[in-house]
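Trainee: With the hints as extra help, turn the sequences into a complete structure.
Keeping their order, the protein sequence lines are chains A and B.
Residue numbers for the first sequence follow the working numbering, beginning at 1 and rising by one.
Residue numbers for the second sequence follow the working numbering, beginning at 116 and rising by one.
Just so you know, the hints here were simulated from the structure itself, not pulled from any lab data.
Some hints could be false.
[Stated by the list, open to error] Listed below are the simulated EDC-like cross-link pairs for lysine to aspartate or glutamate, each with C-alpha atoms no more than 16 angstroms apart in a straight line:
#, chain 1, residue 1, chain 2, residue 2
1, B, K224, B, E130
2, B, K164, A, D102
3, A, K57, B, D210
4, B, K164, B, E179
5, B, K137, B, E179
6, B, K164, A, E100
7, B, K164, B, E181
8, B, K137, B, D124
9, B, K192, B, E179
[Unchecked claim] Sample of chain B residues at the chain A side, in silico, Cβ under 10 angstroms:
#, residue
10, Q153
11, R157
12, G158
13, L159
14, Q160
15, F161
16, N170
17, V172
18, K173
19, Y176
20, R209
21, S212
22, L220
23, K224
24, G225
[Unchecked claim] Far from chain B, by Cβ distances over 12 angstroms, these chain A residues were calculated:
#, residue
25, I12
26, Q17
27, Q18
28, G28
29, R63
30, F64
31, R67
32, F69
33, S70
34, E82
35, S86
36, V114
Glycine is no exception: its CB is placed at the ideal position from the N, C-alpha and C atoms.
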Amino acid sequence: KAGVTQTPRYLIKTRGQQVTLSCSPISGHRSVSWYQQTPGQGLQFLFEYFSETQRNKGNFPGRFSGRQFSNSRSEMNVSTLELGDSALYLCASRRLAGPETDTQYFGPGTRLTVL
Amino acid sequence: AQSVAQPEDQVNVAEGNPLTVKCTYSVSGNPYLFWYVQYPNRGLQFLLKYITGDNLVKGSYGFEAEFNKSQTSFHLKKPSALVSDSALYFCAVRDMSYGGSQGNLIFGKGTKLSVKP
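Mentor: Here it is, written out as structure tokens:
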């Protein structure tokens, strides 16, 4: 079974631009969560989606947003990029029914560099 | 507030020796605890979890972890370390702030494991 896939793997943007990252969950997984990983702050939760609705949100400004499609694929968007948004953005998926609903499986991440 | 602490930034072990990576937690209620490993320029790989049951949990690649409720700890262990185990290890707890219907994790800062030949 294919794992979580994220595209693109690497992105370089300049301050003020916006960016969209994409995540395809493991087949059968309906929940998608996003995390930001930086050397200073570590791994921080951004938001979780299932049934095309945001279910929970971390402590990030409104410039960070996301959505989920009917096929469970998810996108996250960051507007008006700042230097501090440079990070590895990780997507994770999990089941909502059956075994292992508590376990999140992560994709390889998208490395965003803001210049 | 719920939190996870990994008191060691780095652990150095010789190949063939046992390894321990420490984790302590602070949650209200029963914890859902996880260990993940991250290799350079990669995402996180799930190693093992404790939800309920036996305090000793076995996971992938020969790793195991011991849940200790009285010490609020969940240390990761392996009897014989390999050079290929060198990586960044994260302990995490499921955030139960909203009753647990959400699945997001609260992570420790990570511990870099270095295994020397």
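Trainee: Of the hints stated earlier, which fail here?
Mentor: 1, 16, 17, 18, 19
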